[in-house]
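Here's the letter readout for the chains.
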Amino acid sequence: MTKGVSVEPLAIAKAVRLAVAAIDGVVVTRGRFAFFGTYGPGEVVPGVVVSRERNQLTLDVHVIAAPSWSLPELAKEVRRVARQVVEQLGAGPISRCDVTIEDLQET
Amino acid sequence: MNLFNRLLIILASLIILVSAAMVLLVTLGAFAPADLAPSAWFQDRLTPYAHLDSTTSNWTVGISIAVIVASLLLLGLELWPRSSGPRRLVIKQDGLGQVTMTRDSIRDIVNWEASQTEGVMEAQSRVADESDGLRIFCRVTLDPEADAPEVTQTLQERIKNSVEHHVGRHVSHVAIDTQVAPLANHRRVR
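Chains as they are written, first to last, in this note's numbering: chain A, 76 to 182; chain B, 163 to 352.
Incorrect hints may have been included.
Computed cross-link-like contacts, BS3-like style, restricted to lysine-lysine with a CA-CA straight-line distance of at most 25 Å [what the hints assert, rightly or not]:
no.	chain 1	residue 1	chain 2	residue 2
1	A	K89	B	K322
2	A	K151	A	K89
3	B	K254	B	K322
4	A	K151	B	K254
Honestly, the hints are just simulated from the structure, not real lab data.
Note that the coordinates shown come from a computational prediction; the quantities given were computed from them, not determined experimentally.
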């Protein structure tokens, strides 16, 4: 796995989901009004949408946050964690990482 | 509700509407089943309604009218354009992408702050995203014993601080509309 393009979006989504869910006071969610996720053969990873355009990765992470979070700080942390995971996987550069806060509640 | 669901409901409403109208017209004797039915199968379904006794006929007419009204209402609701603005608010946009949150979540913050303020019994809020920042409109029901000017001022400050802290967006306006609860109603509701 030396080239980023060899990592499947599903694998990236799984890893990002795990890492983001490990942040204190954050739950990765499939979405409040619609289902968001990454689809693969016979499997779907809810809450993290990974797509690749011209070898550039785009991520969209949907979370529920604890009310103690300042949301810009939370978004920064989610992006940091996601970037770290993608770098560790060698999956190539992230061109965009959207964060959607679906709800605020005690997690 | 997504577009597919809306189309499905519109289609179902139309089918129910047309069916109920056909039953009504046949029951009233305005048309023969053969005039309305597009095929023999439909004609067979409609024919019994042309030979109902008066009591059953009255019931059929009443139920058909009720179904027609209900399906028209449903159709109207689904076709009516919804212009409440985007459901999500952009709280940050930079070279890395967007950070958004649901409008409902901001309302939840406002309502929670209101519920934590002494003297507030009930709150309902609305959030608008304007060029100068977020505008929050909050309608609260106050305890009759509360000092309304003091409570509303406290509430304005709490809402502004809380939303700015959580959302990271400037709150340009917090409007509080108060009403005093009837003396018998001392229940605290969110």
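Is K89(A) close enough to K322(B), meaning Cα to Cα at most 25 Å? violated (38 Å)
Hey, K151(A) versus K254(B), does the alpha-carbon distance stay inside 25 Å? holds (10 Å)
Taking only the CA atoms, is the gap from K151(A) to K89(A) under or equal to 25 Å? holds (20 Å)
Hint check: K254(B) vs K322(B), CA-CA at most 25 Å. Holds or violated? At roughly 18 Å apart (the allowed maximum being 25 Å), K322(B) and K254(B) satisfy the hint.
Hint compliance for this structure: hint 1 is the single one not met.
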